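Chemist: Single-letter residue listing:
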Amino acid sequence: MFRVPFLVAIALAIAFGGGIWSTLWALEATTGFGAIRLGAWEAFPEAQTAKADPYAKSHRAAAGALLYGSAEGLTFTAVTDETGAPLRTGCSYKIAGHTPPARLWTLYTLQSGKTNRPQDSKLPVALNSRSILRHADGSFEIQVSTDAKPRNWLAVPERGRFRMRLTLLDTPAAGSSGLIDLSMPVIENIGCGHA
Amino acid sequence: MLKVLFAVITGVVGAALLHLVIILSLPYFSEKDAYTRVLAEGDRHVFHRLPDALDRAGLVQNDPFMETSVCAYDISQGPIRVYAGGDVPFWSMAIYDAASNEVFSINDRTAAAGILDVVLATPVQLTVLRKSLPEPITQSILVEMQQADGYVILRTMVPQPSFSTNASTFLSEAVCAPFDWRQRQQF
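Chains as they are written, first to last, in the working numbering: chain A, 1 to 195; chain B, 1 to 187.
Derived by calculation from the structure, the hints in this document are not laboratory data. Check before you lean on any hint, since a few could be wrong.
[Stated by the list, open to error] Using C-beta positions, here's what the derived DEER-type ranges look like:
hint : chain 1 : residue 1 : chain 2 : residue 2 : range
1    : A       : 147       : B       : 39        : 43 to 49 Å
2    : B       : 21        : A       : 3         : 27 to 33 Å
3    : A       : 16        : B       : 54        : 27 to 33 Å
4    : A       : 34        : B       : 1         : 41 to 47 Å
5    : A       : 122       : B       : 127       : 53 to 59 Å
6    : A       : 3         : B       : 56        : 48 to 54 Å
7    : B       : 112       : A       : 97        : 46 to 52 Å
8    : B       : 40        : A       : 24        : 21 to 27 Å
9    : A       : 150       : B       : 115       : 17 to 23 Å
10   : B       : 40        : A       : 131       : 33 to 39 Å
11   : B       : 12        : A       : 131       : 39 to 45 Å
[Stated by the list, open to error] If we take Cβ atoms under 7 Å as the criterion, some of the chain B residues that face chain A in the derived model are:
hint : residue
12   : 2
13   : 11
14   : 14
15   : 15
16   : 22
17   : 32
18   : 100
19   : 102
20   : 105
21   : 182
Everything numeric in this text was worked out from a predicted model, so none of it was measured. Think of the CB as a built atom: it goes at the ideal place given N, C-alpha and C, for glycine as much as any other residue.
Bound-form chain A, shown alone:
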């Protein structure tokens, strides 16, 4: 005699549980469609516009971040190295190459809810295009590690995984119609543990 209520309960539980879980997962996992992926770097040039897809609009409504306008810049985020393995603080990485054309850029490791200014922490926790050393052809090489490194060193937090953010300021890549050859610096794992 309880068969029909039981079946209705199963249907409702799957509908509400699955619907809410899948929505939370989708909002957490992705910023939406329309990403530019260059190696490990990912950017969403249209996430702040009215043309953004419903997932991107939902994500930005829930995240409430202040996004960069198309004349301001474009933000690239990396959570993995070139091979797709997550970035871990136990390992050292080398970022080498060129950025797409941009007037200025900044590179830092992302920490939620807090700004890590290099002048406050005494470690080079963030770098920008004016402060780094370059090769004669304008390319650069940055070592990302918890240990001090010669030349360009980006210090990362003590433990856990981390994300890196490269913001290009005043860049034609933000309005890219695919005409510009975009090349991002390569993130390469150069060894784990204290060498």
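Start from chain A and add chain B according to the hints.
Modeler: What follows is chain B alone, placed relative to chain A:
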């Protein structure tokens, strides 16, 4: 057994529907979106500088080399003018509507003489303004807004600590306020 399978299929279809409904409607009822957070910063028509740690409005300045100010506007009563100028290596400004869609953005190289001077107005206000442009805004960029409210983000860069004084001056002197736009009209 078939009935259980049928119930599960119904549940999955319901889950998919619910997923779509939440995704599509979230932007309309979210209380954590950027515009709500900017409003929580304080009064409209004033630039609020964002702190280095998450404030009670839920906003933070993430990039260690940038300084950011936000200003919520409402142009239903009259246009507002955004003005800033100063000796900084980089600045950029973006105007967003209440749904956080980008309406207009500009940086120091795309602005005339590196000075930020933008007037936000509704189409009706713009018609009135264009008939006789008031003296102070003859050089301004006029931006037509389809929606009356939203927010403005003003950023500047501090590539080295020595630039921070200039950046602070630039942001603290920035104006985002209504102005006398119907001075020649007789009532």
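Chemist: Next, verify each hint and record whether it holds.
Modeler: Hints, one by one, checked against the model:
1. A:147 - B:39: 43 to 49 Å: Distance hint for residue 147 of chain A, residue 39 of chain B holds at roughly 45 Å.
2. B:21 - A:3: 27 to 33 Å: 29 Å, holds
3. A:16 - B:54: 27 to 33 Å: Given about 32 Å between the Cβ atoms, the range holds.
4. A:34 - B:1: 41 to 47 Å: 44 Å, holds
5. A:122 - B:127: 53 to 59 Å: 57 Å, holds
6. A:3 - B:56: 48 to 54 Å: 52 Å, holds
7. B:112 - A:97: 46 to 52 Å: Distance hint for residue 112 of chain B, residue 97 of chain A is violated at roughly 35 Å.
8. B:40 - A:24: 21 to 27 Å: 24 Å, holds
9. A:150 - B:115: 17 to 23 Å: 42 Å, violated
10. B:40 - A:131: 33 to 39 Å: 34 Å, holds
11. B:12 - A:131: 39 to 45 Å: 53 Å, violated
12. 2: Violated: closest Cβ of chain A sits about 11 Å from residue 2 of chain B, beyond 7 Å.
13. 11: 3 Å, holds
14. 14: Because about 3 Å separates residue 14 of chain B from the closest Cβ in chain A, which is inside the 7 Å limit, the hint holds.
15. 15: 3 Å, holds
16. 22: Because about 5 Å separates residue 22 of chain B from the closest Cβ in chain A, which is inside the 7 Å limit, the hint holds.
17. 32: 5 Å, holds
18. 100: 6 Å, holds
19. 102: 5 Å, holds
20. 105: 3 Å, holds
21. 182: 30 Å, violated
Of the numbered hints listed earlier, those contradicted by the structure are 7, 9, 11, 12, 21.
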